[in-house]
Amino acid sequence: MEGKEKYMFINQISVYLENNKGSLRELTKLLAERGIDLLALSIADTTNFGITRIVVREADVEAALNALREQGFVAKQNHVICAGVPNQPAGLDSVLAIIEESSISIEYMYSLNYLIGNKVLMVLRLSAENMSKEEIAALLEGKGVMLVKQEDINRL
Amino acid sequence: MRISENKIYNPEIECMDRESMKKLQNERLRKTVAHVYANVPIYKERMDAVGIKPGDISGIEDLHLLPFTNKTDLRDQFPYGLLAVPTGEIVRIQGSSGTTGKPIVSGYTQNDVDVWTEMVARSLMAAGAGKEDIIQVTYGYGLFTGGLGAHQGASKVGAMVVPMSSGNTQRQLMMMHDLGTTMLCCTPSYAIFLGESLKEMGYDPKEFKLKSGCFGAEPWTEEMREKLEELFDINAYNIYGLTEIAGPGVAFECEAKNGMHVNEDHVIAEIVDPSTGEQLPYGESGELVFTTITKTGMPMLRYRTHDICTLNEEPCSCGRTHVRMSRITGRTDDMLIIRGVNVFPSQIETVLLKVPGVAPHYMLIVDRVNSTDRLEVQVELTEDMFSDTVSDVEKIQKCITEQIKSVVGVTAKVKLVPPKSIPRSEGKSKRIIDNRGLTK
Numbered sequence: 000m001e002g003k004e005k006y007m008f009i010n011q012i013s014v015y016l017e018n019n020k021g022s023l024r025e026l027t028k029l030l031a032e033r034g035i036d037l038l039a040l041s042i043a044d045t046t047n048f049g050i051t052r053i054v055v056r057e058a059d060v061e062a063a064l065n066a067l068r069e070q071g072f073v074a075k076q077n078h079v080i081c082a083g084v085p086n087q088p089a090g091l092d093s094v095l096a097i098i099e100e101s102s103i104s105i106e107y108m109y110s111l112n113y114l115i116g117n118k119v120l121m122v123l124r125l126s127a128e129n130m131s132k133e134e135i136a137a138l139l140e141g142k143g144v145m146l147v148k149q150e151d152i153n154r155l
Numbered sequence: 000m001r002i003s004e005n006k007i008y009n010p011e012i013e014c015m016d017r018e019s020m021k022k023l024q025n026e027r028l029r030k031t032v033a034h035v036y037a038n039v040p041i042y043k044e045r046m047d048a049v050g051i052k053p054g055d056i057s058g059i060e061d062l063h064l065l066p067f068t069n070k071t072d073l074r075d076q077f078p079y080g081l082l083a084v085p086t087g088e089i090v091r092i093q094g095s096s097g098t099t100g101k102p103i104v105s106g107y108t109q110n111d112v113d114v115w116t117e118m119v120a121r122s123l124m125a126a127g128a129g130k131e132d133i134i135q136v137t138y139g140y141g142l143f144t145g146g147l148g149a150h151q152g153a154s155k156v157g158a159m160v161v162p163m164s165s166g167n168t169q170r171q172l173m174m175m176h177d178l179g180t181t182m183l184c185c186t187p188s189y190a191i192f193l194g195e196s197l198k199e200m201g202y203d204p205k206e207f208k209l210k211s212g213c214f215g216a217e218p219w220t221e222e223m224r225e226k227l228e229e230l231f232d233i234n235a236y237n238i239y240g241l242t243e244i245a246g247p248g249v250a251f252e253c254e255a256k257n258g259m260h261v262n263e264d265h266v267i268a269e270i271v272d273p274s275t276g277e278q279l280p281y282g283e284s285g286e287l288v289f290t291t292i293t294k295t296g297m298p299m300l301r302y303r304t305h306d307i308c309t310l311n312e313e314p315c316s317c318g319r320t321h322v323r324m325s326r327i328t329g330r331t332d333d334m335l336i337i338r339g340v341n342v343f344p345s346q347i348e349t350v351l352l353k354v355p356g357v358a359p360h361y362m363l364i365v366d367r368v369n370s371t372d373r374l375e376v377q378v379e380l381t382e383d384m385f386s387d388t389v390s391d392v393e394k395i396q397k398c399i400t401e402q403i404k405s406v407v408g409v410t411a412k413v414k415l416v417p418p419k420s421i422p423r424s425e426g427k428s429k430r431i432i433d434n435r436g437l438t439k
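Taken in sequence, the protein lines are chains R and W.
Just so we're aligned: 2 in numbering that gives the first Met the number 0 is position 3 of the first sequence, and the numbers increase by one with no gaps anywhere.
Just so we're aligned: 199 in numbering that gives the first Met the number 0 is position 200 of the second sequence, and the numbers increase by one with no gaps anywhere.
Calculated from the structure, these hints are not laboratory results.
Do not take every clue at face value.
Simulated restraints, written as ranges between beta carbons of each label pair [unchecked claim]: (1) W:THR371 / R:ILE105: 20 to 26 Å; (2) R:THR45 / W:ASP366: 20 to 26 Å; (3) R:GLU69 / W:TYR140: 50 to 56 Å; (4) R:ASN77 / W:ASP366: 49 to 55 Å; (5) W:ASP366 / R:ILE105: 34 to 40 Å; (6) R:LEU23 / W:PRO204: 44 to 50 Å; (7) R:MET130 / W:GLY141: 43 to 49 Å.
Keeping only pairs whose Cα atoms sit at most 30 Å apart, straight-line, the calculated DSSO-like set for lysine-lysine is [as the list claims (entries may be wrong)]: (8) W:LYS205 / W:LYS6; (9) R:LYS132 / W:LYS397; (10) W:LYS397 / R:LYS20; (11) R:LYS20 / W:LYS414; (12) R:LYS132 / R:LYS118.
From a predicted model like this one, the values you see are computed outputs, not experimental measurements.
Glycine included, every Cβ here is placed at the ideal spot set by N, Cα and C.
Taking the hints into account, I'd like the entire structure generated from these sequences.
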């Protein structure tokens, strides 16, 4: 990631999982063997398949992708927003209120099990008509949402 | 109510002695060969290529001299290249699946429709049909020959026809119950499904007046016959046909339920060795080949069905003299019949190649769940198809499902599997796992 992108987004790896017993373990075992630290993991499950999304430190992204692909997984890297949400009642709601009033849709979200200062780290996959994700990120930041940088993630 | 008075529709022809039948076939074969040689360029070219003139064919002994016709010819000559008459003489088009995206079609003159209709009438009457019957046709109506074929035959015997077409189980059973349907024309697997649904919907089987059924358009087994006869308390009869030759009724079972009588005054059946094309004697198992001898619109010389069976010339207890073919025990190609629809793996390949990002590696898995065929198409997921959101992946899955439905005509369950998980074998890869146990 370069320039402004680096400043606004963090890396995420999405992995296709079949609805088979043991398929998630195959993934975690593989990353464990390679010494890759999972900072967050979330699963979207449907009746037919699952998508697992993981966050790792920047130095591990390439290694994780290579390991997964070698093992036969379909894995893809993309960049998502990570927001620091106040760790207090109505903290999340204040952020979602901003998202809603900006006519932005949430495709999915999940949290990292880490705090930075007094902020909970939330991965947000957002979309809006006629807006790039850079514009979405800039808009949220302009309205006071704290965007967590990849370098902050790397220090976790 | 397994009462059936099985009559013979055309005793003069159906019980004709073998010698006279042979004479009739010889005469009609000579006429057909002369007709196609004069009117269908591809037949002339092929006969010329092997140095055969119509005059060299004096009867069925010379049949083996004629070149074969294949399904690929119907594809290559699509739509009118095999017609032996001007299109103005054609009154009907019927079709079925081709091996690629396009269907194959067959053109019928009024004579051909009449010939076909009589073949179905004979079949239905052999299954007990008559003027007093109420015949429910549950085959699909349309290009598929099942619906219209059964309809025409049922009308010909003077029965009351209930043209339900396929699907809508609840309505099928309601009409069957309320109208007092006495005969069912249906694919055997859907008939079993109907039979099993009957009790679930709160009907008492005794309230039904069904006495027999003509089941075809897909291979089935003796076990399925027992099940059907028990579920509905009926006699279940097998009927065979293919669009290229006519449609259902090319061959049919009589009350003996021991092989299907081939309508030999209209078609000549042969069994050949699928690899060498050599004619095999009656009783030996091989590929069924048909030559039509009364069709005028699109006659077929030695059409290879790819169906494997045996022929039996022994006299039948019903009095009919026409040769009997056994149940189909297999295919020489990889065609599948899913819920009555012919499916070729190559069609699925054509579809996959059209969807961006999809690799043409696939596996077809066929199962029968609750008496209904289920087709699962496993497709390898590529990174181009994959995304971090569920909706994007589901969109691809839906797109493939819809394409298969539109090109192949069946609804399949599309399963995305990891790349390289489908085995690659040298040469022709194995694309099908059929768990239905229909063929031996």
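**Request:** Using the beta carbons of R:THR45 and W:ASP366, state whether their distance is inside 20 to 26 Å or not.
**Result:** Given a distance of about 21 Å, which is inside 20 to 26 Å, the answer is holds.
**Request:** Would you mind confirming whether the straight-line C-alpha gap from W:LYS205 to W:LYS6 stays at or under 30 Å?
**Result:** The given pair, whose Cα atoms are some 26 Å apart, holds under the 30 Å limit.
**Message:** Holds or violated: the 44 to 50 Å window for the beta-carbon distance between R:LEU23 and W:PRO204?
**Reply:** 48 Å, holds
**Message:** Check whether the Cα positions of R:LYS20 and W:LYS414 lie no farther apart than 30 Å.
**Reply:** Given that 30 Å is the threshold and the Cα spacing comes to 16 Å, the pair holds.
**Request:** With 50 to 56 Å as the target window, see if R:GLU69 and W:TYR140 comply at their CB atoms.
**Result:** 53 Å, holds
**Request:** For the range 43 to 49 Å, tell me whether the beta carbons of R:MET130 and W:GLY141 fit it or not.
**Result:** 47 Å, holds
**Prompt:** Has the hinted range 34 to 40 Å been met by the Cβ atoms of W:ASP366 and R:ILE105?
**Reply:** Since the Cβ atoms of W:ASP366 and R:ILE105 sit about 39 Å apart, the hinted range of 34 to 40 Å holds.
**Asked** Does R:LYS132 pair with R:LYS118 here, judged by a C-alpha cut-off of 30 Å?
**Response** Satisfied, since the Cα-Cα distance of roughly 22 Å is no more than 30 Å.
**Prompt:** For the pair W:THR371 and R:ILE105, does the Cβ-Cβ distance stay inside 20 to 26 Å?
**Reply:** Violated - the Cβ-Cβ distance for W:THR371 and R:ILE105, about 39 Å, lies outside 20 to 26 Å.
**Request:** Starting from R:LYS132, check that the Cα of W:LYS397 is at most 30 Å away, please.
**Result:** 26 Å, holds
**Proposed proximity, R:LYS20 with W:LYS397 (alpha carbon, max 30 Å)** = Holds: W:LYS397 and R:LYS20 sit about 25 Å apart, inside 30 Å.
**Message:** Between the beta carbons of R:ASN77 and W:ASP366, is the distance compatible with 49 to 55 Å?
**Reply:** With a Cβ separation near 37 Å, R:ASN77 and W:ASP366 fall outside 49 to 55 Å, so the hint is violated.
Hint compliance for this structure: hints 1 and 4 are broken, all remaining hints hold.
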